[in-house]
Every structure is written in structure tokens, then in C-alpha cells.
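**Student:** As a plain string of letters, each chain reads:
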Amino acid sequence: MRLEPIKNPSLGRKLVPPALALTTTIVIASLLAMLAGANPFSVLGLILKGAFGSQFALLETLNRATPLIFTGLAVAVAFRAKFWNIGAEAQLYAGALMTVLLGTGFLPWPSAALLPVIILASILAGAFLLLIPALLKTRFGVDEVVTTLLFNFIFLLFISMLLEGPLKDPMGMGWPKSARLIPEARLPRIFEGLRLHWGFALALISAVGVWVIQTRSTLGYEMRAVGLNKQAAAFAGIPINLVLVKTALLSGGLAALAGFSEVAGLKGSLTLDLSPGFGYTGIIVAMLALLNPLGVVVAALFVAGIFVGADSMSRAADVPTYLADIMLAVALLLMVLAIMLARFRVVRD
Amino acid sequence: MCSTPVEALSLDAITKRFGELTANDAVSLSLNQGEVVALLGENGAGKTTLMNILFGQYTADSGTVRVFGETIPPGNSRAALDAGVGMVHQHFTLADNLTVQENITLGVRSLLSLRSDRAGARARITALSEKYHLAVSPDARVGALSVGERQRVEILKALYRDVRILILDEPTAVLTPQETDDLFATLRLAIADGLSIIFISHKLHEVMAIADRVVVLRHGKMAGGVRIADTDKQALAAMMMGTEATPPKVAKSTPGAALLELRNVTTPDVGNAPGLRSVSLALRAGQIIGLAGVSGNGQAAMADVVGGLVSPAQGQVLLADAEVNNWTPRAAVQSGIARIPEDRHKTGTIADFDLTENAILERYKSADFSTRGWLNWGKSRAFADAIIDKYDVRCPGADTPIRLLSGGNMQKLILGRVLEANPQVILANQPVRGLDIGAVNYVHSQLLAARDRGAAVLLISEDLDEVMALSDVIHVIADGRLSPAFDRGQMTPAQLGLWMAGQGFEDEVAHAS
Amino acid sequence: MEIIEILFTASFWAAAIRIASPLIFATLGELICERAGVLNLGIEGIMVAGAFAGWMAVYSGTGLWVGVCVAMIVGMGFGLLHSILTVPFGLSQHVVGLGVTLLATSSTYYAYRLALPEVTSPPKIQAFQPYEIPILSDIPLLGPALFSQTPLTYLAFILVAVVAVVLYRTPLGLAVRAAGENPAAVAAQGLSVTAIRMGAVMFGSGLMAVGGAFLTMSAFDSFFFEMVNGRGWICIALVVFGSWRPGKALLGAVLFAAFDALQIRVQQTSLGTQIPYQIFLMMPYILSILALVVMSRRAEVPAALMVPFNKGER
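Residue numbers (the numbering used here), protein chains in the order written: chain U, 1 to 349; chain B, 350 to 862; chain E, 863 to 1176.
Bear in mind the hints are in silico, worked out from the structure with no lab data behind them. All values derive from a computational prediction rather than experimental measurement. A few of these clues could be false.
Some chain B residues well away from chain U (every beta-carbon gap over 10 Å; in silico) [unchecked claim]:
(1) Gly656
(2) Pro690
(3) Leu724
Think about it this way: if two alpha-carbon atoms lie no more than 25 Å apart in a straight line, the pair counts; the simulated SDA-like pairs of lysine to any residue are [as the list claims (entries may be wrong)]:
(4) U:Lys7 x B:Arg782
(5) B:Lys552 x B:Val355
(6) U:Lys230 x B:Asp828
(7) U:Lys230 x B:Lys714
(8) U:Lys230 x E:Phe1087
(9) B:Lys728 x U:Gly209
Yeah, the Cβ is synthetic: ideal placement off N, Cα and C, and Gly gets one too.
With the hints as extra help, turn the sequences into a complete structure.
**Tutor:** Shown next as C-alpha cells:
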């Protein structure tokens, strides 16, 4: 077999494969639910209900989507320039760490001054963390996939060390947990009485911001050019390494905002289970969004919905929550295949 | 001399479509044992597609392939190889990091066999290379070989498999005239042993020298077949193009001041290709300088230096008599150098960018298209529209991804992109490679017009005819060294060929000093 | 000085060899994939799946070697999935690899929960026991270190030699290497690049799974979540460190494991107790990055690594 590019794919050609990918994902999830002895229709219904079925569920989904929008944006920005940042998890913790360092009383300022400083510091922390793999890549040609992956392990151990050492909360009953943020460092709720914090709004603003950068700025143009064709970009005079470093800074900063938002908006302190893999899930979010920053918001809601829904379904139907992870992995693999099939025709030689 | 010729190969009514394009339309061809048939045609005429079908890389939509009377199952290279068909591709199919012997023996023994009989293979390779004068060491890493040596490995690969039919796709494009003669000598030895050859080329004098018969393809169809004895170059050219093409007329020009000058420039080698070795060259206003030479002799290094991609390791680059520092592609563009790259698909354009995005690729940072880091899409779009209009780029619109355009239209966009900036110097690296005759004439006339406007043009081409037709002054490049300047009409192709083979350089050095 | 003493104990080297074993399997597996031109980032997840599959098979009553085979087959299954998507369809090897890791990991955890719904601590199996090779195991220092290991460790070392011989001395190995250097050369000689690459990825993935199974069936006797813990990613670094050569990769794995064994022992010394244990745990990952930095300039990367091949495209 051979793949032949389709010059002008029809609308059906563009829409049918992704639709088939989603359908197949649901069919596979149903089969797995049956394997667990549950009725697939009720399982899917429970997931849907648990994700969007009530105000509480919806807010829970929005809250879960918030860090995923940030990490999804981080990955989308990096992958667009073919900079394979798999280290959003570590950058998330870098942002969280900075939030705790500055927000637990070190800077006794009012919110209006404190929050912007923390946000900026978090961005810098995440950017700095990704700067190292970026420089290793541009200076020594070290593949960033492995270094960013390994950084996740290193940085989590570093956080663990801090939480059992200098950052340990004296009031924490011996748990490895930081002190709580002062009230001024907390992100307020958007609506009084509703459990949704300003981190979600910040995520939406970031998505729009990234979209504007990608489509309107020379930097966005450079990042897309480098991602699509390094050779032509270099010939045209685009400084590839500089663009990669800038991309890394932006990507790391965005991922760090996820950590800031989780600590300042939701948890109030730093623990080792702050992120259940938001950094890795960001890859799925970004790919499902076809690396489009606005699409990231939709994809993050979808992914968060599946997680939140699967949690509540698991309690009700006794199907392991890992069903959600399987669904997302399957959706990811089928979606990249679908995108390809929308642009190429499979022909015999 | 066989009194009753044995039919070695017969292609019968081969048709192959790629989407809307019909690459081969009911093409038939036959080849007798010990015969050389030349397959002639312009770029895109369907020669390579036809040979890939014969060799089993593609499956034909209809038609049959028979080798010595046996029908070959379609789409199966293995079957073609087993039937004795071998192919030397235009772009060599060798693995650089493997040895000559490994490349030759790859896939010959069953993958399930546990031993590779390396001693036996080695003896056989040595014997073959002696018999056919194809000197190459079996243990050499292919990456360390010259282009000519690599071609020997390719031919050995075929001979090692006892091929009875050998397809040679543009085999002389990378050879000096002398190496071409050696190749022909080797081929004649093999023909005497009963080998049949299909020889793909567009160099008419070579076709006349080696072939018994010529088959011409045009737009995927058979345009005719003729015995060499019954034809001449002019008739073949007319058959190939369908019409008498009228190349643009070249008037004499008077050169002006040196706009860009290289003084004793030396650059490092890039892989197997040599860098420049102490090259001095002045590009003057109102003059086309042609750079002739066999591929891989330093042309890429020359283009990289002029285009700002490489800074000289030694020597100077001078712009209007002032030495430049910090020589980058952006500096080159800002200094008014128009750069037409060798590979329009890989270096000249970004396939998934639309025409607008490709049009501003070199100058998106200039005040024309952006302010303080924000792009002005309106102006960019207007610029692209202007190019499309003025340079007759056939496309659905400026928001079309450029990968949907034909090579000729892509090249017109690149031309417009660089010429609209009113360049002082134009670097045209293989500007018409792979274009059909209409686009070729268009590009050439644009280069001549730019010269007449007072631009300095450096034309790099491996096609000696193109260089001789357009250039006011010709230099030959061989192994990174530059020949003295020859005026238009001063040298015959044969004399230039000697320079291309590297002869004359030492004398010249002695002469100059 | 305590550190020097550690280096001369047989138990230290025995531990190093034991720690190296799963890395050897998985590194060989990744090396085969990459030699054929495919980066397999599914390695981490495939090791998890292999660890569970082999252990679960034995727990369900099969023999230990059958368990190894089950792990191998499961690994090859994920390898098949990876290679279908990356070879004939030519999809991004980065994305597919990470997707396979996610899929393998989550489906393993799902299967674990389904198979053992009620357990709080995972059951144990009768794992591979050390087998002392007669005579050789009596050599001082070397004997207990090298020749008193479990059969799976011996298998790992034998495999290094087998893979090296196949890669460099057989027509099959030549075809695999050529597929990673220039697939067009392979196609021009009438071989199927798709078949060679898919076969290499499947076999390599099988070895990764056996590497995972070593953890549950030889190093330990039970399955835990997070037990692979980045070993797969380390193996990818080891392939680079070993310049894509089996012998050098073995050396890298043993060096790496020796360092790991050392840090475990140093933790227990008077000096070690003063340093946070996380510093020691970080060492393998930091070491991997350093190895990458040092080797990245010198290594001869297979020329067609991560370059998909579409027949007839030029």
C-alpha cells in the first residue's frame, strides 16, 4: 500500500474519519465496560451524567479542565514548532512551587500586587525549567523528548525533597505538604457561591492570547515555519534555535500556570499529588485539538468531562476509573490516524 | 550480432494514473537482447513512472510487463529482480553507513538464512569489478565514496544479481564527460555479454552515442520511436518537445560595477561535496555569470556563500566594495540579494503555508509586512496578489497552500518574491530544473530582463547548454576550484567539459603566479 | 572509604547485574526498533504491560517460562499496534509512542483492577530463583556476582550476543540496519521495508515486555503500580549512550545499574543518611541526561531514524 496526498479533500473526507475515530473509541469503551460486567449504555450514560449532568458536575468538569487548558496550550505551542515538550508535568510543579514560595507569607502584599507577581514568577519558573532541555537541544543536539521526560522524574523528586524538608508544613501532621497560601495569594471565585475560580478565566484568556500570537505575530509565524519546514525556514533567514528557545519559554510558562492555578485556585497548598498527570494529559488535549489553541479549550472540556464522568461512573457502576485513561489513549491514537486519512488516500501501488 | 533477435522485454499498453494525472497513457515498448533503447522525454513526460512500473515499484492500472516471454506480476520488485530486471535510480539507493559489500549483498540471500557467506560474496564482487572495470573496494563505507564510485556500486549491485535487463535513469547527470566515457565502456562490455539496457536521458549527444533505438515520451504518451541510424539530434529534440521551442534572444550587454565580490573565499566541505577552495569572483551589474560544472563540485557551497547561509572560513565577501561581517540569510536579503534556491520544494517554500505566507517568507520582519512583531496580513496578502498577477502564477488564490501548485507556478512565486524587492544581485541556483519548456523560457526571460535592468546574475546550472545559452561570462567549478572567466562563445562544450573534469586548473595557477 | 569497600563486595556486583537485567532486555528491544528506523516511545507502557502479563499468567497457574512468553506476546501486540500506525501509515513516532505508553499503562491497570478487584496488597508468585552455575559460581567475587543470577539474567546476556550476531552477521540483520539507514535501498533490492520495520518493532516490543516481566518475575515477585517508574525512558537514553550497538548498550546498562546499586548502598552509610534520599533517587535520571549530552555528538544515529518511508515517493 502507499499513501497519496489528496489535493482538495472534500468535506466528507475531512469529517468522516474523525467521526469514525470517536465512534470507535466509544465502542471500545463499551466493550471494556462489558468486560467489567457492566451495561455499556448505563456506563456511558453515567459518564455523561457525571460530567455534565448537574451544576455540581459541570463545575467539577470546568475545574478539572482548567489545568488541562494550560498544559494543552503548552504542548500545542511546542508541538506546533516540532519542539517535543513532554515535560509539562515538571513545569506545572515549577509553577506550583513558585506559588507556594511567594504566596505563603513571604510577600505580605495585597492580592492586587501579589497575584500578578506570583503569576509572573510562576511563568518564569516553568520557562526556566524548559529552557534547560531547549538549550541542550540547540547547543548539543540532545533530543528533547527524553530530557523533558526525565526532568519530570527529577523535578518531582526535587519537590518531594522540599516537601519533606524546608517547605514542610509544621502544622501538617507529618504529611509531606507545604504550608497553606495566605488568603491574599488565593484566586477568588468567579461567581459568589459557585466552586469555580478565576484560574478558569485566566486559562480562557491564555488560549485566546496564544491564538493571537500564533496567527498575528511574527513569532507565531516563525514558530509555524520552523515546525513545518526547518530547511526552508533556515534558508529564509529565520533563526531556528532562537525560535525554539522562545517556543520553549512560552510553552514552559503556560504549563507553569497550570500549577499556579491549581494551588492558588483550588488546593491552597502544594502536595505531591497536586497533578494526576495533567502534564501528560495535556499532550492528548493538544493532539485532539489539532494543536489549535482555541480547540484546546474544547478538547480540555471533553477530556476533563471523561475523567470527571468516569470518576462518578466508577463509584456507581463498579467499573475501574482507568476506563477513562484507556478511552483517551484510544481517542488519541485513532485521532492522529483520522487526521492523516483526511489528507491522504490509501492506494495500492 | 544476432540474426534472430530475442525479445528481452515487452511493455504492453501500460497506463498509470495518479489522481487526475495520467502519468502513462497506453505506453508500449519492446527491447531485444543486447540492445540499448534510450527513453527520451521532458521532465514529467512519464519516463520514471514507466520504469518504476517495470521495476515493480508501482502497479500499473492496466497493461502487462513481459521479460523474456514471462509475464511479471505487477507491483512486485522482488519478482522483477528475480526475472533479471535491475535498475540504477537517478537518486542512488545506497545506505551511506553500510559498506559497499553490504549494499551489494543486501536482500540477495534469504532473510531467514543464518549465514551470509561473506567470503564468497567478496570474491564475486572483486571478480565482477575487475571484469567490468568497476574499481571499488568492497569494504569501503559508501558514505566515503565519490559520486562516480557510488554509481559503480549501483551497477555492481545489478550485475551481482545477474541482471539481464538494466534500467539506467539519468546515469550521466552526475558524471564528468570522462566518467561518462568510462561508464559507456563498461556498458558495452556488458552488452557484449548479452545485457539489454534502457537508458533514460535528456542529453541528446549521449543518446546518439550509446543507443540503438530511441523511444520518445511526451505528456505520458508515446510520441514516437526511431532507430538511431535514421535520425539526428534536431529531429529528436523536436520529437521530445512536440514543437520547436523558441528560447529567448540574448542581446549583448555591457557590465558595470562589481556589486558582490568574493575574494579568496574558502569554505569547509559539506559531507561528500567539496567547499570552495580560495575562490575569487565578482558579480557585475548588467551581467549574467554562468557557473558550469558536474553536480557536487562546490556549487552548493557557492550558493550558500552568496545566499548568506555560510560565512567564509577564509577570505572575504564584499558588497559594493565594503567587506561584510555577520553574513546571514537575512543580511543577504537586506543587501538586495535575490535568492532562487536549488530545491523549490524543500528550501524555497513551505508546503503547508499558503501563497501569502510563502511570499513574505524572507521579508516578514521588514516594515512592509510587520510592525513591532505583529504581522500586517493585509499588506502581505496584497503583495502575494500582486505577484500572482504580475508573474502569472496559476492558482485558486493567495490563500491556497503552495503544495497544490505545479513546479512552474511555485517557481514563478519564488521569482516574484525575490524580483519584486528590486534586487541588485540575483542568485539563480538550478532555476529551471524539473520545469516544462514553457516555464523554462519564462524563467530565462525574467533573468535576462533583470540583467538588462542592471542586476548582476549568478546562474548555477549543471546543464551546460543552459549555461552557454544565457551567460555573458562562464566559469567552470570543479572540486571547489573556479576556472578563469570565459567570454560567451570563447569555449566549445568539449573544452568546457575538460575543465569540468578538473583539467587545466594547475596550469592556470602556475600561469597566474 | 566506605564507598570503596562497597565496590569490592560480591553482593554489590550481584545487585548491579540484577538491576541491569531488565534494562538490558528493554534497551535491546529499543535498539532493534531504532536500528530499523523507528523510535518506540511505547517502551515505558509496554514494560508495564509485560510486567503485569507475565506475573498474571504465572499467578493464574502457568509455568514461569510460559509467563515470559505471555509477556513477550503482549509486548508484540502493542508493538504491532505501534508499527501499524508508524510504518505503513507513517504517523508521528513521538505521538504514537506516547499514545501506546498511555494505552498500555491504562489498560494494564484496568485489567489489574478487573482481575483482582478486592485485593489491597497484590499477591505474590513463586518467582525465578537464582541458579548457581557449577564451577563458575565458585570464582571469588565474580562467581557470586555473575554466575549466581536467575535464568532470566543469563538470558539477557545471551540475547546481547545473539542480537549482535544477527545484526552484524546475517542477511536479516543487514536488512534491518539498512532499513534504518536508507529504506529506499531496501526497497530497491526487492525487500519490503514495511515488513522489516514492523517485524523489528514487534520483536523489539516483545523484548521490552520481557524486561518489564523481569521486574515481577525475577527481581520481585509481585506487581505494583508505578513499578517501571521511568525505566523505559532510561533505556532510550541507554540506546544513545551505547551508540546503537548491542555490546556498548550492555556496557552502558551495567555501568548505569552499578551506579544505581551504589547509590542504594551509599544511602545506608553514615554519609548517605545526611543527604536527602531523593537526591540518590534522582541520580539515575540525571545520569541518563548526562550520558545523552556526552554521547550526542559522537553517536552515529541511524540515518533514517524517525523518517517514514512511503514507497515510490522521492
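**Student:** Determine for every hint whether it applies to the structure shown.
**Tutor:** Against the structure, the hints:
Glycine 656 of chain B, annotated as away from the interface, has a beta carbon of chain U within 10 Å; the closest lies near 7 Å. The Cβ of proline 690 of chain B does not lie farther than 10 Å from every Cβ of chain U; its closest approach is about 6 Å, which violates its non-interface assignment. Taking the minimum C-beta to C-beta distance to chain U, about 6 Å, the non-interface status of leucine 724 of chain B is violated against the 10 Å cut. Taken as a hint, the lysine 7 of chain U and arginine 782 of chain B pair is honoured in the structure, with Cα atoms around 23 Å apart against an allowance of 25 Å.
The suggested pairing of lysine 552 of chain B with valine 355 of chain B is violated, with an alpha-carbon distance near 28 Å, which exceeds 25 Å. A threshold of 25 Å between alpha carbons decides the hint, and for lysine 230 of chain U with aspartate 828 of chain B the separation of about 28 Å lies outside it, so the pair is violated. Under the criterion of a C-alpha separation no larger than 25 Å, the hint pairing lysine 230 of chain U with lysine 714 of chain B is consistent with the structure, at around 18 Å. The suggested pairing of lysine 230 of chain U with phenylalanine 1087 of chain E is violated, with an alpha-carbon distance near 40 Å, which exceeds 25 Å.
For the hint pairing lysine 728 of chain B with glycine 209 of chain U, the CA-to-CA distance comes to about 23 Å; that is within 25 Å, so the pair holds.
Hint check: violations occur at hints 1, 2, 3, 5, 6 and 8; the rest are consistent with the structure.
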